[in-house]
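Colleague: Letter by letter, the chains look like this.
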Amino acid sequence: MYEILRKEILSDVNKRMDIAVPDVARKARAGQFVIVRVDEHGERIPLTIADYDREAGTITLIFQEVGKTTMHLGMLEPGDELATVAGPLGHPTEIEHYGTVVCVGGGVGIAPIYPIARALREVGNTIISIIGARSKDLLFWEDKMRAASDELIVCTDDGSYGRKALVTEPLRELLERPDAEIARVWAIGPAIMMKFCAATTEPFNVPTIVSLNTIMIDGTGMCGGCRVQLTDGAKFVCVDGPEFDAHEVDWDLLLARQRFYLEEEKQAVERWQHTCRLVEAREQVDTLAEREVVK
Amino acid sequence: MTELTNRERLTIPRQVMPTQKPRVRRTNFEEVALGFTPELARQEAERCLQCARPRCVEGCPVGVLIPQFIQALRERDMEGAVRAMKEKNNLPAICGRVCPQETQCEVQCVLSKKGQPVAIGRLERFVGDYELTYRTCPLERPEDTGKRVAVIGSGPAGLTCAVDLGRRGHQVTVFESLHAPGGVLTYGIPEFRLPKGVVRAEIEYAAECLGIEVRPDAVIGRLYTIDELLSEQGFDAVFLGTGAGLPTFLRIPGINYNGVMSANEFLTRVNLMKGYLFPQYDTPVKVGKRVAVVGAGNVAMDAARCSLRLQTLDARETGEELGEVHIVYRRSRTEVPARAEEVHHAEEEGIVFDFLTNPVEIYGDKDGNVCGMRCIRMELGEPDESGRRRPIPIQGSEFDMDVDMVIMALGTRPNPLVFYDAAGLERTKWGTVVADEETGRTTKPQVWAGGDVVTGAATVISAMGAGKQAAADIDRFLRGEVNPW
Chain A
4 MYEILRKEIL SDVNKRMDIA VPDVARKARA GQFVIVRVDE HGERIPLTIA
54 DYDREAGTIT LIFQEVGKTT MHLGMLEPGD ELATVAGPLG HPTEIEHYGT
104 VVCVGGGVGI APIYPIARAL REVGNTIISI IGARSKDLLF WEDKMRAASD
154 ELIVCTDDGS YGRKALVTEP LRELLERPDA EIARVWAIGP AIMMKFCAAT
204 TEPFNVPTIV SLNTIMIDGT GMCGGCRVQL TDGAKFVCVD GPEFDAHEVD
254 WDLLLARQRF YLEEEKQAVE RWQHTCRLVE AREQVDTLAE REVVK
Chain B
349 MTELTNRERL TIPRQVMPTQ KPRVRRTNFE EVALGFTPEL ARQEAERCLQ
399 CARPRCVEGC PVGVLIPQFI QALRERDMEG AVRAMKEKNN LPAICGRVCP
449 QETQCEVQCV LSKKGQPVAI GRLERFVGDY ELTYRTCPLE RPEDTGKRVA
499 VIGSGPAGLT CAVDLGRRGH QVTVFESLHA PGGVLTYGIP EFRLPKGVVR
549 AEIEYAAECL GIEVRPDAVI GRLYTIDELL SEQGFDAVFL GTGAGLPTFL
599 RIPGINYNGV MSANEFLTRV NLMKGYLFPQ YDTPVKVGKR VAVVGAGNVA
649 MDAARCSLRL QTLDARETGE ELGEVHIVYR RSRTEVPARA EEVHHAEEEG
699 IVFDFLTNPV EIYGDKDGNV CGMRCIRMEL GEPDESGRRR PIPIQGSEFD
749 MDVDMVIMAL GTRPNPLVFY DAAGLERTKW GTVVADEETG RTTKPQVWAG
799 GDVVTGAATV ISAMGAGKQA AADIDRFLRG EVNPW
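Note that the protein sequences, when read in sequence, are chains A and B.
When we follow this note's numbering, the leftmost residue of the first sequence carries the number 4, and every step to the right adds one.
When we follow this note's numbering, the leftmost residue of the second sequence carries the number 349, and every step to the right adds one.
The hints are simulated quantities; they were obtained by calculation from the structure and are not laboratory data.
One or more of the hints may lead you astray.
Stated by the list, open to error - Only pairs whose alpha carbons sit at most 20 Å apart, straight line, appear in this in silico SDA-like list of lysine to any residue:
1) 634/B <-> 274/A
2) 544/B <-> 381/B
3) 622/B <-> 43/A
4) 238/A <-> 597/B
5) 544/B <-> 43/A
6) 30/A <-> 564/B
7) 198/A <-> 715/B
8) 622/B <-> 275/A
Based on the provided sequences and hints, a complete structural model is requested.
Modeller: Pasting the structure below:
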């Protein structure tokens, strides 16, 4: 069992947790992920290691509550324990000196892009970052990203904060800058955002790296559920990735594969919300009963 | 009871083990074979002729003392039976259920020459189950040698090696990458063939007795490399029993459509994650109305029989009619690699076998879901290097199968993750580890290997045999009797 040491609510649906798992923290590097299981009945989901503290023996996970598992995770508090934290899995990001690098983080993708931007900057790259979300309340870590970047562009889809734009717009402008010598782009976020980032950079021939988040079970290459189609054949996200050349990914297939269990995911969420309502109702009844007793 | 003569013993028929009826069992995930009752077990034990030179023992990869444990059973000495069993086999409740006895011990039984062999496997299971319930003779832990061994992988090879090393007084830590120990016994073999409660109980019992530490969620290669285990983690020896966990997909168009999956994924969802209990358990598992399982090994049988059960459960809920499950195999019935009992059970349950058939393409609809599979008929030619007759496509015999799910059960290869940064560990072009057949020694000092990671996908018991041999050699090394490097 792995204890939650700290919890921070970044926005309504985005939460941060520091987990005590010293031997994973010892080995973790930017770009890697862990497989998490909340309890004995839980499913195994991959979550990117957003940060780590080797001395404290902790890793930082950031997740958006989108399904039953992440909702359940979001309800846990410091002192609670997770049934499984296995990792660090996947290849770490190839941190080298490239020159000027654009780091794009969309939504909860801001979390995994942060350690990459920081590590790239540490080895001398010039970092221009773009972070974006649907609206202001879904943004987080602006300060951290600013500190890890030479230039930061913030945008929201609805214009409630920063520039009103999708992340691809400032990305295109950067690529079009006459003096721009962009060596590489990292883009992490929802699959659809990564797809359009890839489409944006392709005409400019700028190597673009994405970190894919697919359905996974074991995370060690055993099930093949995470397979993606690249130009030169199928690859497993868990052991061959999670980072890939964005221009080689078959995005439509990836999006279709992500939808495979949509119905079941919906069913699980409904069941979870129903359970939560029952628990809440039960608590209200208990409180009323207590008041009765006090009277 | 008076002692029977051999002539009398020959007149006792092989006892039939009670099983769930096919119509009933396809509606549940509970165990199919229900096990001998004490009376049936004693009757069956009476059939053994106690040969002076028991051939059955020669057929067993771990050399179980078969006549001895059967004799004890006959004398109603359960503790004696357990003790005889545990001389060689520490996991009898598991072996009794999953060993291919018909090609190992039972095929050697003298009775099989004239009729039915003694049901050694079923008696073994009877002894194993008895011990899990009553714990009459726990394994004893000798004095600590102060030596530490890291066993990587908690499947049949790793577990056997760990237990044998523990019995010799070494401190053993077993590293398992998944959250539950057992390897293929846990994620692969279904509940109805090997209940997970039995696997867990067998592992816990042995680990408790011998002070073996089992560490789940530990992905060796990532968390620690083999070199780190030997250096900074202070282990004196490493045993690699990581099995063959990587799935193989056919190289045909359409394998990435939704509804095409590896048997590994399907079985892991069902067994390890308990997908058949969704939504009580969080991991969903889907099953098609018309499922094709490609391959005809034990894994294929397991995947087909799980599909059938899921279909029946679905049909119960929706009121719609039952689906169909096909085994699609490119060779003929004679070459089927699965255990005879599994094929028999699958057929009884209504699985359809399409022999001499090979998929050439999988079709998908506009949403990316499987909607059909194109196959070609095959015929058998000359034997190939495996000794089996080579399947050859019959030109122009292509036809379409109406399927909405395809499960690939085409064999597995070792997972290379564990070899990360393991300099000096030689492997073959198939990705298996080069290891001495007798001792399990690899080309890397202080590292042994055994089971599927060395042989490629094989059986539970052969992996146990390899784990056993390696444990004996590791013990000699740790006592300073040999140093092969």
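Colleague: A separate judgement is required for each hint: does it hold in the structure or not?
Modeller: Verification of the supplied hints:
no.: 1; hint: 634/B <-> 274/A; verdict: holds (18 Å)
no.: 2; hint: 544/B <-> 381/B; verdict: holds (15 Å)
no.: 3; hint: 622/B <-> 43/A; verdict: holds (10 Å)
no.: 4; hint: 238/A <-> 597/B; verdict: holds (11 Å)
no.: 5; hint: 544/B <-> 43/A; verdict: holds (14 Å)
no.: 6; hint: 30/A <-> 564/B; verdict: holds (17 Å)
no.: 7; hint: 198/A <-> 715/B; verdict: holds (18 Å)
no.: 8; hint: 622/B <-> 275/A; verdict: holds (18 Å)
Violation of the numbered hints given earlier is absent; every hint is satisfied by the structure.
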